[in-house]
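J.: The listed protein sequences derive, respectively, from chains H, U, R and S. Residue numbering for the first sequence is 3 to 329, as defined by my numbering. Residue numbering for the second sequence is 3 to 329, as defined by my numbering. Residue numbering for the third sequence is 3 to 329, as defined by my numbering. Residue numbering for the fourth sequence is 3 to 329, as defined by my numbering.
Hints should not be assumed to be uniformly reliable.
Copies of the same chain look alike in the list, so a pair counts if it fits in one copy or across any two.
[Claimed, not checked] DMTMM-like, lysine to aspartate or glutamate: derived pairs with alpha carbons at most 25 Å apart:
1. K245 - E255
2. K110 - E305
3. K245 - D263
4. K111 - E55
5. K84 - D288
6. K50 - D26
7. K245 - E139
8. K25 - E185
9. K4 - D26
10. K110 - D301
11. K245 - D199
12. K245 - D269
13. K245 - E277
14. K4 - D100
15. K4 - E46
16. K25 - E46
17. K25 - E277
Keep in mind that the hints were calculated from the coordinates and are not lab data.
Listed here are the chains, written in short residue letters.
4 protein chains.
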Amino acid sequence: MKVGLLGAGRIGRIHGLNVAQHKDAQLVAVADAHAPSAAALAGEVGAKTDSIEGILADQSIDAVLICTPTDMHADLIEAAAKAGKAVFCEKPVDLSADRIRTCLHTVKKAGTPLMIGFNRRFDPNFAALQRRLRDGEAGNIEIVTVISRDPGPPPVDYVKRSGGLFRDMMIHDLDMARFLLGEEPIVVHALGSSLVDPAIGAAGDVDTAAVIMKTASGKIAQISNSRRATYGYDQRIEVHGSKGMLSAANVPETTVSFASDAGIRGDVVQNFFLERYAAAYRRELDAFIQAVTTGKEPDPNGEDGLRAQILADAATLSAQTGQPVAL
Amino acid sequence: MKVGLLGAGRIGRIHGLNVAQHKDAQLVAVADAHAPSAAALAGEVGAKTDSIEGILADQSIDAVLICTPTDMHADLIEAAAKAGKAVFCEKPVDLSADRIRTCLHTVKKAGTPLMIGFNRRFDPNFAALQRRLRDGEAGNIEIVTVISRDPGPPPVDYVKRSGGLFRDMMIHDLDMARFLLGEEPIVVHALGSSLVDPAIGAAGDVDTAAVIMKTASGKIAQISNSRRATYGYDQRIEVHGSKGMLSAANVPETTVSFASDAGIRGDVVQNFFLERYAAAYRRELDAFIQAVTTGKEPDPNGEDGLRAQILADAATLSAQTGQPVAL
Amino acid sequence: MKVGLLGAGRIGRIHGLNVAQHKDAQLVAVADAHAPSAAALAGEVGAKTDSIEGILADQSIDAVLICTPTDMHADLIEAAAKAGKAVFCEKPVDLSADRIRTCLHTVKKAGTPLMIGFNRRFDPNFAALQRRLRDGEAGNIEIVTVISRDPGPPPVDYVKRSGGLFRDMMIHDLDMARFLLGEEPIVVHALGSSLVDPAIGAAGDVDTAAVIMKTASGKIAQISNSRRATYGYDQRIEVHGSKGMLSAANVPETTVSFASDAGIRGDVVQNFFLERYAAAYRRELDAFIQAVTTGKEPDPNGEDGLRAQILADAATLSAQTGQPVAL
Amino acid sequence: MKVGLLGAGRIGRIHGLNVAQHKDAQLVAVADAHAPSAAALAGEVGAKTDSIEGILADQSIDAVLICTPTDMHADLIEAAAKAGKAVFCEKPVDLSADRIRTCLHTVKKAGTPLMIGFNRRFDPNFAALQRRLRDGEAGNIEIVTVISRDPGPPPVDYVKRSGGLFRDMMIHDLDMARFLLGEEPIVVHALGSSLVDPAIGAAGDVDTAAVIMKTASGKIAQISNSRRATYGYDQRIEVHGSKGMLSAANVPETTVSFASDAGIRGDVVQNFFLERYAAAYRRELDAFIQAVTTGKEPDPNGEDGLRAQILADAATLSAQTGQPVAL
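Please put together the full structure from these sequences, using the hints given.
T.: Put into structure tokens, the structure is as follows:
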């Protein structure tokens, strides 16, 4: 399977290198508006550099990975689908749910596979938890709790273009909640504050937020977000069910601890998503390659991208208006 | 300090025995509508049995502990205050916030001390956490999370008289949130479901619930409740702040764990509030005795009882209407 | 059951107060060479003060607790046994195994029960571990590891009279090893160093030590001791068996932890034996009272006291000579 | 830096693939008596296959990795050193300390670098612990404890050729003890039993063992080994020092735990050395490449291989004779 990479920034590099090391795929071409980025990665893995148009026109390329800025995602998905490519696109598909709907319509007409990059589903810890949940270990699911806190806030310039915390950051947790609940939320209550960085508040966004949601059958989901955690990248899950509670704890930098008169001190948790989710990115790409190779529907697919976006829009609206949003 | 006990049921016995073992207090009289209960406890600690009226009329008694059914609390507080007794009353003061207000007014006029039994504030773990929070260890408080799950649901008959989950169970967590936030919530969003026991739902109550609240300065509180946790009495706290996160974990039955091919299995958490909060009840009583002896305002006092009740009412209303309640 | 207390020092007070709170026993008399100590405790619990001789001569007293300095233990055990009293004696019976043998002979002739105060067997954590071990949860026992470190070294004057680390401190761990192995060690290898306090070395003792032992069937025991642990009173057990490993961890002061850029810091472990083993002392006394009341052989008995002492002597000799000691 | 691989078995494959992915090195040739193994690996990484003689004679090859059976190690080290190659050799150098001495003499004369594969020194957890120890965090080192248990026993045929548990398995822990102590042990006491597999005992070896050692300054080391741990590959370290205790815990398969009425069950620990030490092998190879490239003495070097072997010999002798062995 021959793969072209659209966008060779931080996340593009990760996917590109993972393709290069995958036994069933080959990274053949890299495009990036910033030519040196494309050239550097292409050189490392023995691919050529090309324009986006060139890659889409190249009949020998089976699949593309879209890792460009968000505002190009939907257009590129459509163009790639029309060109007959299998598409892996980083989240979000678009900041507008309507635009996502038309995009998915185009993809459906083209009949090409589309997978969306909700990488956390592929974290070995979270994936194991979800599998055990589906196997019934915890019984009926009653309360899903997702705690997700970044090590530090992004630059305000990024915040301004991001669509806001709920669409940029919590969308991962909203997807995780759907993944774990196995049901769609029907109402969203959100609260947000700017407590970490006043500049984020001045930009009209929040940096601290909590959401509660309920499904038709009464299952409850809780999400807790902060743009800053001094102790590292806080990524935890708890699912309370009729038979017990499945939880996934943070991953420490090392297993070393120091016991002294100040207490027993373990290590900080892994600090950055590239480190914390390195295995998840590899497994995610492998799932994409497997789906394309076997002809199975990618999971998560475009519909998952749409539904997470709808929840993120609802949370954004709820936090702004102070009212719950029914779906 | 001479103490009379009104109500010698499960919680009354605990307080009665704690008084009997306290070096600065003496349990002199016990009243209970069920005479054998009063007689048994009185016999154990060398006190006499008496009627409630008798105890209130006894000039030698300095303080009373009100451990009767909830619907007698407010009347007894008033009567005891008018009789010049210091009063310790189990939560809640009353299921009606208005009734609490008139009761507190009576107490204020009488000028007698009133302490309300929010025992969890005196748990050594939670108390240490709160003290460290006040000392600034975690910096500015941003997100307070309280997880509170009972080992099993109460009988439906109890549920029907309880005022509902938010007033009967979550009130402890609402008080804890206030205790930790150091600020009053100004809005409450609640969701509830009946997932544990259909009979609870049939009785018009919920057994699974989540609340989010926000204070004027933007601090966020989250509470998660279930009437059943297979692994024991789940009582945890997390406070996320600008300098770090303070958390208090569950207390296991023992520190024993077993490592085998099935994993590393630690003990269940302490299963029942009498065991989990044994130290808290002793410390709570000691705080009451200290307050009365030194003439300091009891903490938590009647106002704390009122404010927790207002929050519980708000959560009940929010869960019923699906709308947030502003305070 | 009426109990007399011989010795009202630190450990005597604990046992005396526990008797006073036990439903099936009554502390009636207290003797101590330091009259004010006896008077204080007697006053607290409503007992009388008396001489040792007076207590032994008092026909109404069923049992005595011997909590005097070690060099009086054997004589008092014999005198009490001859007086027909049930005896609970703090460890060690004597610093000389030969003296213990003659003492046990006297007790046997008298036919009175004798229990030795190896309190750790009654710690709820260690007792639960041992019970599960006996129930076969870990399969065949292969390696028993006991880690035991005091929070700080005793005064050198105490060290000089103590019989040395192996007889004074490690004797608890040697008893624990026997308790867990369910078999007698047949060879002891010991190493000791003075690393914590040079004055201990100057006094001819060690403050840091390790022992390995083997039983006839090949089971191995390891013990690790230090007279100082900055993080509190380090008391841990691990038993490795054919089906898995049972372990008992330390007990922290609280369950509070703080996560920050310096790591995740839990509390120190409980610092002092009076706190760490408070429940063990209560349960130990209860076991003594049960044994005397029901006529069952106390456990641990005098023979256990002897065998622990023999192991402590062997470890002392091994550390001094650098050679293993066969038993 | 061009590298030749001698031996393409399980451990040879790991090193070979790590060379192939290293940015500063290139795997150019692979030799293995089993031609298909060499061909498979060579094909995967774009190297050629060759004979050992061919690789040693190839002037373009800078370094060799010796991953052959143990009985070829010393001869190949000498041959490679004489051929001017930098050498990385898997532990042990040889089962005879005398043979190691002559081998190291030859290497010294040749003046070529030699690194020995004590991979655990490069485990991120253990390496961080040792660095913090050297930085003085725990103060003076007093007790070093190494716990090392394999998930399951090797085949008896392997055991017979292995040199015995102390030379085959505990040698890693003896090296780790030296690494952490920063001092040489001067006396070794060992106990061993055959409890896991009677066939191991019948073959004259042990499968369960404990060692205690002391250094000239009085530091104590304890090692605990078993050939079987039902819960996975048990690899732990504790260093007790004057300022506190540094420890490195096991690495669980995932961070998922399940809380139920049976307790709180975490995952088993990583089960196999290839998984547990995957990062260690990468870091070890990197250290070798750095040493060769910069001309620094490799660490651990041949002398470390010799000293670990001497300790393993001493432990073997001690376990056989029941007497301590002075060094």
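J.: Taking 25 Å as the upper bound on the Cα-Cα distance, should K245 and E255 be classified as within, between, both, or neither?
T.: between (32 Å within a copy, 19 Å between copies)
J.: Within, between, both or neither: how does the pair K50, D26 come out at a Cα-Cα threshold of 25 Å?
T.: both (19 Å within a copy, 23 Å between copies)
J.: Are the CA atoms of K245 and D269 at most 25 Å apart within a copy, between copies, both, or neither?
T.: between (32 Å within a copy, 16 Å between copies)
J.: Evaluate K4 and D100 at a C-alpha cut-off of 25 Å and name the case that applies: within, between, both or neither.
T.: Cα proximity of K4 and D100: none, with 32 Å in one copy and 56 Å across.
J.: Within, between, both or neither: how does the pair K25, E46 come out at a Cα-Cα threshold of 25 Å?
T.: So K25 and E46 pass the 25 Å test inside a copy (17 Å) and across (10 Å) alike.
J.: What label fits K4 with E46 when the C-alpha limit is 25 Å: within, between, both, or neither?
T.: both (17 Å within a copy, 19 Å between copies)
J.: How would you classify K245 and E277 at a CA-CA limit of 25 Å: within, between, both, or neither?
T.: Between. Shortest inter-copy distance 23 Å satisfies the 25 Å Cα cut-off; intra-copy 33 Å does not.
J.: Between K25 and E277, at a C-alpha cutoff of 25 Å, which is it: within one copy, between copies, both, or neither?
T.: both (22 Å within a copy, 19 Å between copies)
J.: Which holds for K245 with E139 at a C-alpha limit of 25 Å: within a copy, between copies, both or neither?
T.: Intra 7 Å, inter 23 Å, cutoff 25 Å: intra and inter.
J.: Between the shortest in-copy and the shortest cross-copy C-alpha distance, which are at most 25 Å for K4 and D26: within, between, both, or neither?
T.: within (9 Å within a copy, 28 Å between copies)
J.: One pair to classify: K111 and E55, alpha carbons no more than 25 Å apart. Within, between, both, or neither?
T.: within (21 Å within a copy, 62 Å between copies)
J.: From the Cα coordinates, with 25 Å as the cut-off, is the pair K110 and E305 best called within, between, both, or neither?
T.: within (11 Å within a copy, 61 Å between copies)
When the structure is compared with the earlier hints, violations turn up for hints 8, 14 and for no others.
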